[in-house]
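Following the hints, complete the assembly by docking chain A onto the known chain U.
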Amino acid sequence: MERLREIHSPRAWMLLGGAALLIGVVIPLVAPEYMVPLLGKFLCFGIAALAMDLVWGYAGILSLGHGLFFALGGYGMGMYLMRVIAGEGVYRSNLPDFMVFLDWKQLPWYWHGFQSFPFAMVMSLVAPGVLALVFGYFMFRSRIRGVYLSIVTQALTYAATLFFFQNAAGFGGNNGLTDFKRILGASLHDPGTRKILYLASAIALFGTYLLCRFVVTSRLGRVVTAVRDAELKSRFCGYESTNFKLFIWTLSAILCALAGALYVPQVGIINPSEMQPSNSIEMAIWVAVGGRGTLGGAVLGAWLVNGGKSWLTAALPSAWLYALGALFVAVTLFLPDGLVGLGSKLFRSMGRLRQPSRPPT
Amino acid sequence: MSAMPVTPPEEDDRATPISSLPIPEGARPNLALWVENLSVSFDGFKALTDVTLTLEKGELRCLIGPNGAGKTTLMDCITGKTRPSSGAVYLESRLYDLTKLSEVRIAQLGIGRKFQRPTVFQGHTVYENCELALAGKKGVFRTLFARLSAADRTRIDEILELIGLQDHAKRQAGLLAHGQKQWLEIGMLLAQAPSVLLVDEPIAGMTHAETERTAELLLSLAGSHTVVVVEHDMEFVRSIARRVTVLHQGKVLAEGPMAQIQKDPRVVEVYLGA
Numbered sequence: 002m003e004r005l006r007e008i009h010s011p012r013a014w015m016l017l018g019g020a021a022l023l024i025g026v027v028i029p030l031v032a033p034e035y036m037v038p039l040l041g042k043f044l045c046f047g048i049a050a051l052a053m054d055l056v057w058g059y060a061g062i063l064s065l066g067h068g069l070f071f072a073l074g075g076y077g078m079g080m081y082l083m084r085v086i087a088g089e090g091v092y093r094s095n096l097p098d099f100m101v102f103l104d105w106k107q108l109p110w111y112w113h114g115f116q117s118f119p120f121a122m123v124m125s126l127v128a129p130g131v132l133a134l135v136f137g138y139f140m141f142r143s144r145i146r147g148v149y150l151s152i153v154t155q156a157l158t159y160a161a162t163l164f165f166f167q168n169a170a171g172f173g174g175n176n177g178l179t180d181f182k183r184i185l186g187a188s189l190h191d192p193g194t195r196k197i198l199y200l201a202s203a204i205a206l207f208g209t210y211l212l213c214r215f216v217v218t219s220r221l222g223r224v225v226t227a228v229r230d231a232e233l234k235s236r237f238c239g240y241e242s243t244n245f246k247l248f249i250w251t252l253s254a255i256l257c258a259l260a261g262a263l264y265v266p267q268v269g270i271i272n273p274s275e276m277q278p279s280n281s282i283e284m285a286i287w288v289a290v291g292g293r294g295t296l297g298g299a300v301l302g303a304w305l306v307n308g309g310k311s312w313l314t315a316a317l318p319s320a321w322l323y324a325l326g327a328l329f330v331a332v333t334l335f336l337p338d339g340l341v342g343l344g345s346k347l348f349r350s351m352g353r354l355r356q357p358s359r360p361p362t
Numbered sequence: 002m003s004a005m006p007v008t009p010p011e012e013d014d015r016a017t018p019i020s021s022l023p024i025p026e027g028a029r030p031n032l033a034l035w036v037e038n039l040s041v042s043f044d045g046f047k048a049l050t051d052v053t054l055t056l057e058k059g060e061l062r063c064l065i066g067p068n069g070a071g072k073t074t075l076m077d078c079i080t081g082k083t084r085p086s087s088g089a090v091y092l093e094s095r096l097y098d099l100t101k102l103s104e105v106r107i108a109q110l111g112i113g114r115k116f117q118r119p120t121v122f123q124g125h126t127v128y129e130n131c132e133l134a135l136a137g138k139k140g141v142f143r144t145l146f147a148r149l150s151a152a153d154r155t156r157i158d159e160i161l162e163l164i165g166l167q168d169h170a171k172r173q174a175g176l177l178a179h180g181q182k183q184w185l186e187i188g189m190l191l192a193q194a195p196s197v198l199l200v201d202e203p204i205a206g207m208t209h210a211e212t213e214r215t216a217e218l219l220l221s222l223a224g225s226h227t228v229v230v231v232e233h234d235m236e237f238v239r240s241i242a243r244r245v246t247v248l249h250q251g252k253v254l255a256e257g258p259m260a261q262i263q264k265d266p267r268v269v270e271v272y273l274g275a
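Residue numbers (this note's numbering), protein chains in the order written: chain U, 2 to 362; chain A, 2 to 275.
Just chain U, with the same shape it has in the complex (with noise of 0.2 Å):
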């Protein structure tokens, strides 16, 4: 009872309570059919930029390579719906049709398993999950940190990148996965699928908004945050920090590729495009813009870019790159805290008081 309090306030269990009835049963029953889709991407994108603010806003480690993470996921997923209609596809082939179209005979060892749902799940969060922490494990043990940092992880989901677009990787080349039809027997084209694909994000997203509050929350939580501010300090009263960091940054992984996972069916295709270097750094931009360490101001920020991304697109497409620029520009002058910050200033000079952790600049 305690620690529920501890992870929020009375009032603020009661706005999420309020924001879960919203997302998960009024949206749902009022939203048209063929927006479904989108908005269940807009939660999976909510869940990516709750993993990017935990790694960046709490731990202060900014991340430019949580693009191939979710991408990962993604292809786990991706994987199990191609296995899931062997024999199917247009060459009535066992194998994926793009296998056929190289002359392969054989399925790739690294491809089997995945006719399985639990075993493709797994997988998609496992095989993200022990790169990260094979990778971070390297990375912070040699005290990697700040832009360096930022440089490796980009170098990572580029080089990620190369070797996906291979078709003699085995993930369909550049092309990727798509022509998806069924997930667990249920057609993917059937707006009942859909709508519990997106409660299935819906479900995820408080899910994982509700495991990062415990986290930052914790003392796991509060030792992370020192070793962001003073990591020497962290140190020398006796925490190990590149342990404390391996664990976020593993965890941050993993979410990521969890919305990775839910994203590919909705989507219905993934492809190394998911794991290009600006894919992550727009991760990066969700968060500045809704406030870095104030988890539900990473989901704000995500909606928000993605908002008016669908929109400027739309509207007048050869501008959206220069919008978000001067955006992130922008927010890193005015708004350091980001539109939470923003909102939290306002609402103090109005006379109230209740300040959130702010992250030094």
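Hint data in this document are derived by calculation from the structure and do not stem from the laboratory. Keep in mind that a hint or two might mislead.
Stated by the list, open to error - Taking lysine to aspartate or glutamate and the EDC-like style, the derived pairs with C-alpha atoms no more than 20 Å apart in a straight line are:
#1 A:Lys171 x U:Glu7
#2 A:Lys252 x A:Asp44
#3 A:Lys171 x U:Glu3
#4 A:Lys82 x U:Glu232
Said to hold, decoys possible - So, partial list: chain A residues that the calculated Cβ filter (under 10 Å) puts toward chain U:
#5 Lys82
#6 Arg84
#7 Leu96
#8 Val105
#9 Gln109
#10 Arg114
#11 Phe116
#12 Gln123
#13 Ala136
#14 Gly140
#15 Thr144
#16 Leu149
#17 Leu163
#18 Ala192
Ideal Cβ placement from N, Cα and C applies to all residues, glycine included.
For chain A alone, kept in the frame of chain U given last:
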């Protein structure tokens, strides 16, 4: 890993690696820290040369010396921040060679350090700073589920009262005044419950009254803790020191009771007379 304890402290004959230097007569059972032939060089510059220093349990030792004498480098070696080029630092009955261990392990073994510049966790409250410093298991999964016990809370309250910050418990540490930060850092050291306290310039930026209280506090800690104080302020050193070690150009110049040190012509020449 070679320095893991293999035997109880009393019979440490197999512990690694024991030097050939004889231990001072009678000092052995009471030894808290033993610095042996420590040398450090940075790109040819010799920051420390053959420094040997023994500290008895419960002792309050002042470390003085002009700027660049190697005082902070010595602290860095003891806490694992800097690796010496040769020599060793042993804890207690020479069970652990600290120069082989990480900062984290050394801190866990009970060596606490206060930095020259007050270093607190700026984004956390005063109370949280104490909580983070609190002795105990500090692994990742333990801290994820850790809760403050009643004993922990009592301990933190005691410390806050001792350092006079009980009314600021909920304040962000970054917003404290300079002197208060110094005090908070000392409080965090106490929360760590170390056996050896290394205190680097504790009274920098403190008012006269605060300085007096710090002196009282350090004196009260000696006995139950081994305390090493690095300080420039001679007035302050005189008020607390029993034994003083003078470092000069990376070497131990003199060591002894304050009264004797003050008369030592070499010390007067390099430091006191200035």
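Comparing the hints with the structure gives:
Among the hinted pairs, Lys171 of chain A with Glu7 of chain U is consistent with the structure: their alpha-carbon atoms are about 15 Å apart, no more than 20 Å. Taking the CA atoms of Lys252 of chain A and Asp44 of chain A, the gap is near 18 Å; set against the 20 Å cutoff, the hint holds. Our distance criterion of 20 Å between C-alpha atoms is met by Lys171 of chain A and Glu3 of chain U, whose separation comes to about 18 Å. Taking the CA atoms of Lys82 of chain A and Glu232 of chain U, the gap is near 12 Å; set against the 20 Å cutoff, the hint holds.
For Lys82 of chain A, the shortest C-beta to C-beta distance to chain U is roughly 7 Å, which falls under 10 Å, so the interface hint holds. Interface restraint check for Arg84 of chain A: the shortest CB-CB distance to chain U comes to about 15 Å, outside 10 Å, so the restraint is violated. Residue-level restraint check for Leu96 of chain A is violated (minimum Cβ-Cβ distance to chain U is 18 Å; threshold 10 Å). At its closest, the beta carbon of Val105 of chain A sits 5 Å from a beta carbon of chain U; the interface hint therefore holds under the 10 Å criterion.
The closest approach between the C-beta of Gln109 of chain A and any C-beta of chain U is roughly 5 Å, which is under the 10 Å cut-off, so the hint is satisfied. This hint holds: Arg114 of chain A has a C-beta 5 Å from the nearest C-beta of chain U, less than the 10 Å allowed. Restraint check, Phe116 of chain A versus chain U: the minimum CB separation of about 7 Å is within 10 Å; hint holds. The beta carbon of Gln123 of chain A comes within 5 Å of a beta carbon in chain U, closer than 10 Å, and the hint placing it at the interface holds.
Evaluation of the Ala136 of chain A hint against chain U yields a held restraint, the C-beta minimum of about 8 Å falling below 10 Å. Taking 10 Å as the C-beta contact cut-off toward chain U, the hint placing Gly140 of chain A at the interface holds, the least distance being around 8 Å. Proximity of Thr144 of chain A to chain U holds as hinted, the smallest CB-CB distance being about 4 Å (cut-off 10 Å). At its closest, the beta carbon of Leu149 of chain A sits 8 Å from a beta carbon of chain U; the interface hint therefore holds under the 10 Å criterion.
For Leu163 of chain A, the interface hint is violated, the least distance from its beta-carbon to any beta-carbon of chain U being 18 Å, above 10 Å. A distance limit of 10 Å between C-beta atoms decides the matter here; for Ala192 of chain A the minimum to chain U is near 9 Å, and the interface restraint holds.
Violated hints, listed in ascending order, are 6, 7, 17; each of the other numbered hints is respected by the structure.
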